[in-house]
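Colleague: Sequence:
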Amino acid sequence: MSTNVPQNQENQEIDLFQVFTKIGSFFQWLNTLVFKSIQFLLKNVVLLIVLVILGFGVGLYLDTNYKSYKQQLIVEPNFESTDYLYSKIGLIESKIEENDVAFLKGIGIKNPSVIMGIKIEPIVDIYKFINSNTQNIELLQLMAQNGDLKTVVEETATSKNYAYHTLIIDTKTKVDQQDIQPILNYLNTSNYYSSYQKIYKRNTAQKIKVKEEVIVQIDAVINQFTTVDNKTSKNDKLVYYNENTQLNNMIRTKDSLVNVLGYLNLALLDSDKIINDKSLILNKINNKSINGKLKLLLPIFFIFLFIFMRFFISFYRKESLKAKEVSVI
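With the working numbering, letter number 212 in the sequence shown gets 237, and the count goes up by one each step, no holes.
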């Protein structure tokens, strides 16, 4: 055992020496790499500057002359037509990808080549979603038990229930409202939803008429009470107001009917279209992806390409020399 201990210590010393040797070799390699990199930059500094200027110039030209634009429409689907809206947009998107000019011209788009793409996204308004129906908050709580609430409110199954959605159309050039209108006209063309619209407007108008008649009747009763009440003494009037709960209920009913009438009148106004367009933002410059960034990206690309080519040529020459030496032997 006494002979094994010195051997173990000696092996450990050898292992430590090898580790330090490898660390020293790594730093030596790193120093050499840094030196060669500096040497390469100094040797090619003029060419690199030329590449940067060239890349910036070409990128600036492309960014200036080949802009793309984004048209944004906020729309509101009526008559439970959200699924219909998404399916129609999906169809148009597929036709654009297929470059189906006949279909696009058939729906009224005069210059289909200008349109690069179309998509639709929900406008997440969780508070309005909850307030629109008391059952919605229970639905969200149930769905959130198995996942993150943020993910739940943004997923497709939930997002289609929001009132407003953003329609995004990417174009190669600037457009005006007349270029976008055919798409809206196409979305509002549906035999089923047109029939639904007529029935909805008729029912809403009937509800408004009935509630207005009820309000007139309530006003008549209140006026009759006021006429009778004017003949009583002031003290009797106070007692009468406090004890007449039926009159208070009628006043509250009238207030409720007035609120409902306001909602129904707005609903009737919004029911003129199957898909209501609420706002339109035209010709917003698209800065997503590499759009507008080529003046920064091209200089980097040119430098990377130059370094890669120099490395490839150097590697090829070394391997060619090795191959010649082997063939001579």
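There may be inaccurate statements among the hints.
[Said to hold, decoys possible] Here are the simulated DSSO-like pairs of lysine-lysine, each with C-alpha atoms no more than 30 Å apart in a straight line:
1. 279 <-> 113
2. 318 <-> 92
3. 197 <-> 313
4. 197 <-> 92
FYI, nobody ran anything at the bench for these hints, they're computed from the structure.
Colleague: For each hint, tell me whether it holds in the structure or not.
Modeller: Hint check:
1. For the hint pairing residue 279 with residue 113, the CA-to-CA distance comes to about 43 Å; that exceeds 30 Å, so the pair is violated.
2. Between the alpha carbons of residue 318 and residue 92 the distance comes to roughly 11 Å, so the proposed pair stays at or under 30 Å and holds.
3. A threshold of 30 Å between alpha carbons decides the hint, and for residue 197 with residue 313 the separation of about 14 Å falls inside it, so the pair holds.
4. With a C-alpha separation of about 7 Å, the suggested pairing of residue 197 with residue 92 holds against the 30 Å cut-off.
Taken one by one, the earlier hints fail for this structure only at number 1.
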